[in-house]
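Residue 88 in my numbering sits at position 88 of the sequence shown; the count goes up by one each step and never skips.
Worth flagging that the hints you see were computed from the coordinates, not collected in a lab. Just to be clear, a hint being listed does not mean it is correct.
What the hints assert, rightly or not - Heads up, simulated DMTMM-like pairs for lysine to aspartate or glutamate below, C-alpha to C-alpha not over 20 angstroms straight-line:
(1) K84 <-> D105
(2) K57 <-> D105
(3) K92 <-> D49
(4) K88 <-> D110
(5) K92 <-> D105
(6) K95 <-> D49
(7) K88 <-> D106
(8) K57 <-> D28
(9) K57 <-> E108
The structure presented is a predicted model; accordingly, all values stated were derived computationally and were not measured.
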Amino acid sequence: MKNPVVPFILIFALGIGLIFYLSLYGLDMKKEIAGPEEGAPTESTAEFDAEAVAQGKCIGCHGGDLTGGMGGAAPSLVGLSMSKDEIKDVIKNGKGAMPPQGISDDAELDALADYLLSLQ
Numbered sequence: 001m002k003n004p005v006v007p008f009i010l011i012f013a014l015g016i017g018l019i020f021y022l023s024l025y026g027l028d029m030k031k032e033i034a035g036p037e038e039g040a041p042t043e044s045t046a047e048f049d050a051e052a053v054a055q056g057k058c059i060g061c062h063g064g065d066l067t068g069g070m071g072g073a074a075p076s077l078v079g080l081s082m083s084k085d086e087i088k089d090v091i092k093n094g095k096g097a098m099p100p101q102g103i104s105d106d107a108e109l110d111a112l113a114d115y116l117l118s119l120q
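Using the sequences plus the hints, can you model the full thing?
Encoded structure:
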């Protein structure tokens with residue numbers, strides 16, 4: 001009669017070995033996992049295209065030409081009467097049915113607000 005414990009011991013030993021190997025492998029990857037060094041430019045700070053962000057994030061609700069969504073659900077972004085700070089606050093924190101847009105960098109908020117204010 002075969003001993004049913006042997007396969008379980010082999011699987012257990014293989015699992016422990018795999019965990020040990022992956023732990024050591026992870027130590028070698030520490031610099032890659034940590035991300036870029038402090039002060040190094042990242043994609044978000046390297047170059048921010050406000051028009052591309054507006055086209056990507058805004059057209060879904062505000063329409064392709066940003067003049068407002070169908071049925072008046074989202075207001076027009078052309079000819080805004082809001083101040084730059086009000087626009088930045090709405091982008092960052094949301095307002096009413098509009099959710100926050102996930103942009104928290106002040107330079108990016110400034111660029112996007114300037115772009116929206118330039119729409120006529």
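Practice task
Could you tell me which of the numbered hints above are not met by this structure, giving the numbers in increasing order?
Solution key: 6 and 8
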